[in-house]
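Chemist: Got chain A sorted already, so can you dock chain B onto it with the hints?
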Amino acid sequence: MSELIKLENVNKRFNGKEILKDISFEVKKGERFGIFGPSGCGKTTILRIIAGLEKPDTGEVFLRGKKVSSSKAFALPEERDISFIFQDLALWPHMSVKGHLEFVLSNWICEKDRREKKIEEILKAVNLEGQANSKPEYLSGGEKQRLALGRAIAQKSDIFLLDEPYSSFDIDLKAEMQKLFLSMHKKYNLTTVYVTHDIFEILNFCTRVARMENGRILEMKKPREIVRKYFDKLRI
Amino acid sequence: MYNNFKYFIYFLLLIFIFFPIFYLFVYALFPNFQPANIYSLLNYIALSFDSGTVKIFFETILIGLFTSIIAGGIGLILAILLEYANLSHRNFFKSLLFIPFLIPPYILTFSWMGLLGKRGTFTEIIFQNIPINIYNPFAVIVFLSLSYFPIAMFIISLGLKNIDSNLIDSGRLSNRKRVVRKIVLQLIRPHLLIACFFVFVLAISEYTVASFLRVNVYSSEIFAQLAAFFDIRRAIVFSLPLVGLAILLTGSIHFYFRKKSFTTISSSSRKKVNFINLSKRQKAAVYSFILFVLLFSLLLPIGMLFIESELNFFDAINSAKIQIFNSLLASMSGTIVATFLGFFTYYIFKNSKSLITLISFPLAISSPVIGISLINFYNSLPIPIYGTFWIIVIGYLVRFLPFSIFIFSSFFPQISPSIEESAKLSKSSFFKRIYKIIIPLTKGGFLSSFIIIFILCFGEVGLTQMVTPPGFQTLSMRIETLMHYANYSYVASLSLFFLAIIFFAYILHSWVYRE
Chain A
188 MSELIKLENV
198 NKRFNGKEIL
208 KDISFEVKKG
218 ERFGIFGPSG
228 CGKTTILRII
238 AGLEKPDTGE
248 VFLRGKKVSS
258 SKAFALPEER
268 DISFIFQDLA
278 LWPHMSVKGH
288 LEFVLSNWIC
298 EKDRREKKIE
308 EILKAVNLEG
318 QANSKPEYLS
328 GGEKQRLALG
338 RAIAQKSDIF
348 LLDEPYSSFD
358 IDLKAEMQKL
368 FLSMHKKYNL
378 TTVYVTHDIF
388 EILNFCTRVA
398 RMENGRILEM
408 KKPREIVRKY
418 FDKLRI
Chain B
91 MYNNFKYFIY
101 FLLLIFIFFP
111 IFYLFVYALF
121 PNFQPANIYS
131 LLNYIALSFD
141 SGTVKIFFET
151 ILIGLFTSII
161 AGGIGLILAI
171 LLEYANLSHR
181 NFFKSLLFIP
191 FLIPPYILTF
201 SWMGLLGKRG
211 TFTEIIFQNI
221 PINIYNPFAV
231 IVFLSLSYFP
241 IAMFIISLGL
251 KNIDSNLIDS
261 GRLSNRKRVV
271 RKIVLQLIRP
281 HLLIACFFVF
291 VLAISEYTVA
301 SFLRVNVYSS
311 EIFAQLAAFF
321 DIRRAIVFSL
331 PLVGLAILLT
341 GSIHFYFRKK
351 SFTTISSSSR
361 KKVNFINLSK
371 RQKAAVYSFI
381 LFVLLFSLLL
391 PIGMLFIESE
401 LNFFDAINSA
411 KIQIFNSLLA
421 SMSGTIVATF
431 LGFFTYYIFK
441 NSKSLITLIS
451 FPLAISSPVI
461 GISLINFYNS
471 LPIPIYGTFW
481 IIVIGYLVRF
491 LPFSIFIFSS
501 FFPQISPSIE
511 ESAKLSKSSF
521 FKRIYKIIIP
531 LTKGGFLSSF
541 IIIFILCFGE
551 VGLTQMVTPP
561 GFQTLSMRIE
571 TLMHYANYSY
581 VASLSLFFLA
591 IIFFAYILHS
601 WVYRE
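These protein sequences, in sequence, are chains A and B.
Residues in the first sequence are numbered consecutively from 188, following this note's numbering.
Residues in the second sequence are numbered consecutively from 91, following this note's numbering.
Isolated chain A, as found in the complex:
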């Protein structure tokens, strides 16, 4: 079993409007799979269906070879073992940086000493050692992003879903964060599904890309091919 994520003929409607039409793809272990397309084309809905935050109307979803969504079976989000970085980061405003990690780690590390050690390790990995006791409102944009990444790492999952996490960043911060995430990807041997509408993020980060429009996947290729075609289309 080399594919970690697999979607087969997934369809989804909201209020009678078709959001996803016959979505099928698979993501292999260690891949950095991108989903690229304009706003409202259904990219985020795919991530939410993989995470179990939405149920598909029809079709099946497999994670690590196991069926998690179908017309008969549905695994809850907490049973899927997935790390998700939301577009708005979804940091818990009442918890400190350390509190975020503690909350997640307490699900799988019972001993306090081991947990403390793990917290230190993650804080170091995401360069937040000096901010352990700060709450999200006192962090800069980059620090918040690093905290979201640290929290996702603390979950010890091998599947990462990223929903346009750098959309509000300037180009320097975007580059810095992508570099950090690439190093984490390598260090923790992750498999990633990355959603964006930014063509440059695709080019820098992904190993394979699905281009979407109006709820359909139009093509799945290497980033360079997608980018070339995309620029040809844009040329007047």
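I should point out that these hints are in silico values taken from the structure, not numbers from a laboratory.
A couple of the hints might just be wrong.
Stated by the list, open to error - Below are the PhoX-like pairs computed for lysine-lysine, each with C-alpha atoms no more than 25 Å apart in a straight line:
1. A/K366 x A/K285
2. A/K331 x B/K533
3. B/K533 x A/K322
4. B/K522 x A/K285
5. A/K204 x B/K443
6. A/K216 x B/K517
7. A/K305 x B/K517
8. B/K522 x A/K304
9. A/K254 x B/K517
10. A/K305 x B/K522
11. B/K517 x A/K242
12. A/K285 x B/K533
13. A/K242 x B/K440
14. B/K526 x A/K305
15. B/K522 x A/K322
16. A/K193 x B/K208
17. B/K522 x A/K331
18. A/K322 x B/K526
19. A/K215 x B/K517
Stated by the list, open to error - Heads up, incomplete: computed chain A residues facing chain B, CB under 7 Å, no partners named:
20. L240
21. P264
22. E265
23. I269
24. F271
25. F273
26. D275
27. A277
28. W279
29. H281
30. V291
31. N294
32. Q342
As the list claims (entries may be wrong) - So these bits of chain A aren't anywhere near chain B, every CB distance computed over 12 Å:
33. K193
34. G217
35. E218
36. S226
37. A238
38. G246
39. K254
40. S258
Every residue, glycine too, gets a C-beta built ideally from N, C-alpha and C.
Modeler: Chain B alone, transformed into the frame defined by chain A:
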């Protein structure tokens, strides 16, 4: 786990809120679970509803309607001025103008009777030659409006706060003069409707004001059937039109809100806008209006209580120590239960269209009907609840649960759904998410609910009087009894003590909120 808990909350709502009302219908139609002879039943209903009773029913509806129009109008004007006009100390005025809602209407009426009523020394001294008669339905409407305009103002303010300021700014750029009429009023229509609905229901439930002013209202007819004639069946039959009215109102509200947002009009931009620029003269007029409202709803009544108390505080409090303890105990228990059930009800129904029904149905049931349904239901159960302290707690729960749900409805939308989703994905259990994420983020809602519901329970008298077990008396009941014995000095002293506790809770609420 979540699903099990959801069914548990469904069960609690059914058993406490809906089933007693449903049972009331069953009991009226099938006494002793035998199908009643339809002719004898119809005859009984026809005999019960003589022309006098029908007249009182419609007069009560009119009192409710006029009160909701007047209180809604005052609340709307004050909310718009305090939200959008270039006035100073707006938050201070908002807090001050909410206080009249904390004074139970019967205390407000009692103090006005001291000023203008037959026993009123002021009537004798100042208004000697002017015939003033406050013993009429119009006075009931005025006093109820003075008590309930703050709740209308509060609900409308919530609506105004939720309006996307960009919508107002774009209106100001295109047609400044019509912003209030064409944009603000249109966007807050749901809140205005809910505000009038709240006031209407509170007004038709309230019968102590009417009984002080010797006006017959429908709720006191129900109470009289139970307390004076011990005729529970007739009291139940009398309750049916109010239940029908509640179903009609709830259905209308549900229909209206099918396609409308109740909690938030828009959350994309919430910056404050002051687009009503008043001149100095206009400001003076607005401040005078605020002062006028405060004078009649707060300052004069409290002043009168001081005068009538003859400074008998210590004796009066000493004589009511047990009732004060009972009131605190019952109010705190009711508050805790209503707040937690309100929290979980909102949490479970937050994305459901049934939420508005859950808020409006129990609210639309007036307190005498709640009293009758609880007595009827728990009296027939083998569990010893009727005749104990717990029936009061359940009464408070049924009466004030909608307020708790409503309070949480203005706190929950501030939490982005992804905040809980991220906790779900980190494999946390349902209770861990509630305890570690949701409760800390809605602690403001808990605080508001604890304090506001405590204040409401503490001041409740109509329902408490109906369901209270023998030998148990609350402070509000004690005040009402002393009123009938014409011990005005003790009534005024205890009312002031009562208000001191309520004000303390309110100041605590405002202070913690500022923090």
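Chemist: Determine for every hint whether it applies to the structure shown.
Modeler: Status of the hints after comparison with the structure:
no. : hint            : result
1   : A/K366 x A/K285 : holds (23 Å)
2   : A/K331 x B/K533 : holds (24 Å)
3   : B/K533 x A/K322 : holds (17 Å)
4   : B/K522 x A/K285 : holds (17 Å)
5   : A/K204 x B/K443 : holds (20 Å)
6   : A/K216 x B/K517 : holds (22 Å)
7   : A/K305 x B/K517 : holds (18 Å)
8   : B/K522 x A/K304 : holds (23 Å)
9   : A/K254 x B/K517 : holds (18 Å)
10  : A/K305 x B/K522 : holds (21 Å)
11  : B/K517 x A/K242 : holds (18 Å)
12  : A/K285 x B/K533 : holds (21 Å)
13  : A/K242 x B/K440 : holds (19 Å)
14  : B/K526 x A/K305 : holds (21 Å)
15  : B/K522 x A/K322 : holds (20 Å)
16  : A/K193 x B/K208 : violated (83 Å)
17  : B/K522 x A/K331 : holds (23 Å)
18  : A/K322 x B/K526 : holds (15 Å)
19  : A/K215 x B/K517 : holds (24 Å)
20  : L240            : holds (5 Å)
21  : P264            : holds (4 Å)
22  : E265            : holds (5 Å)
23  : I269            : holds (6 Å)
24  : F271            : holds (5 Å)
25  : F273            : holds (4 Å)
26  : D275            : holds (6 Å)
27  : A277            : holds (4 Å)
28  : W279            : holds (6 Å)
29  : H281            : holds (4 Å)
30  : V291            : holds (4 Å)
31  : N294            : holds (5 Å)
32  : Q342            : holds (5 Å)
33  : K193            : holds (19 Å)
34  : G217            : holds (21 Å)
35  : E218            : holds (20 Å)
36  : S226            : holds (15 Å)
37  : A238            : violated (6 Å)
38  : G246            : holds (21 Å)
39  : K254            : holds (19 Å)
40  : S258            : holds (19 Å)
The structure does not agree with the numbered hints 16, 37 stated previously, though it agrees with the rest.
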